[in-house]
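Colleague: Note that the working numbering has the sequence shown beginning at 3, numbered continuously upward.
Treat the hints with caution; some may be incorrect.
Subject to a maximum C-alpha distance of 25 Å in a straight line, what follows is the list of computed DMTMM-like cross-link-like pairs (lysine to aspartate or glutamate) [stated by the list, open to error]: (1) Lys58 <-> Glu109; (2) Lys81 <-> Asp34; (3) Lys105 <-> Glu121; (4) Lys58 <-> Asp29.
So the derived label-pair ranges between C-beta atoms look like this [what the hints assert, rightly or not]: (5) Ala115 <-> Cys33: 19 to 27 Å; (6) Gly48 <-> Thr71: 26 to 34 Å; (7) Ala111 <-> Asn59: 30 to 38 Å; (8) Asp107 <-> Arg26: 15 to 23 Å.
What the hints contain is simulated information worked out from the structure, not anything from laboratory work. Note that the Cβ used here is the ideal one computed from N, Cα and C, for glycine as well.
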Amino acid sequence: MIDADAAIRVFKTRWFAKVARKARIDDDELCDAIAEVIKGQADDLGGGVFKKRLNKNMHRSIVLARGRTYWVYAYLFAKKDRDNIDDDELSAFRDLADVYAAKSDDEIALELAAKELVEICHDDQI
Numbered sequence: 003m004i005d006a007d008a009a010i011r012v013f014k015t016r017w018f019a020k021v022a023r024k025a026r027i028d029d030d031e032l033c034d035a036i037a038e039v040i041k042g043q044a045d046d047l048g049g050g051v052f053k054k055r056l057n058k059n060m061h062r063s064i065v066l067a068r069g070r071t072y073w074v075y076a077y078l079f080a081k082k083d084r085d086n087i088d089d090d091e092l093s094a095f096r097d098l099a100d101v102y103a104a105k106s107d108d109e110i111a112l113e114l115a116a117k118e119l120v121e122i123c124h125d126d127q128i
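Please model the complete structure; the sequences and the hints are all you need to start from.
Modeller: Spelled out as structure tokens, the structure:
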């Protein structure tokens with residue numbers, strides 16, 4: 003459940019930003035997609051990991067949820083290149099979701115400053 007008083011923030015990793023740019027997926031589409039994920043319109047893979055279709059169903063994204071207030075786009079792949087992630091990858095993404103869940107706001111701020119994360123929108127834009 004999402005805490006109604008908690009601010010929702012959406013990020014993408016540096017790697018995801020580069021791949022999304024090449025796939026011509028912009029931040030507006032990513033923010034719209036997070037709104038759909040929050041409404042349950044995505045595949046919940048468990049452990050804070052979600053799979054969401056993007057780019058007119060041509061790409062799949064893996065989104066990690068930190069307490070369901072911080073959402074991180076972590077991985078992107080083209081549907082034509084692969085059907086899904088494998089079990090080992092899913093396990094690694096669940097572990098990474100746990101890592102983000104343990105991060106403090108200060109640690110997130112450091113990742114933003116180092117450009118390891120890019121904030122793309124927050125609750126009043128979703």
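Colleague: Now look at each hint and say whether the structure bears it out.
Modeller: Hint by hint, here is what the structure shows:
no.	hint	verdict
1	Lys58 <-> Glu109	violated (34 Å)
2	Lys81 <-> Asp34	holds (20 Å)
3	Lys105 <-> Glu121	holds (15 Å)
4	Lys58 <-> Asp29	holds (15 Å)
5	Ala115 <-> Cys33: 19 to 27 Å	holds (22 Å)
6	Gly48 <-> Thr71: 26 to 34 Å	violated (18 Å)
7	Ala111 <-> Asn59: 30 to 38 Å	holds (35 Å)
8	Asp107 <-> Arg26: 15 to 23 Å	violated (32 Å)
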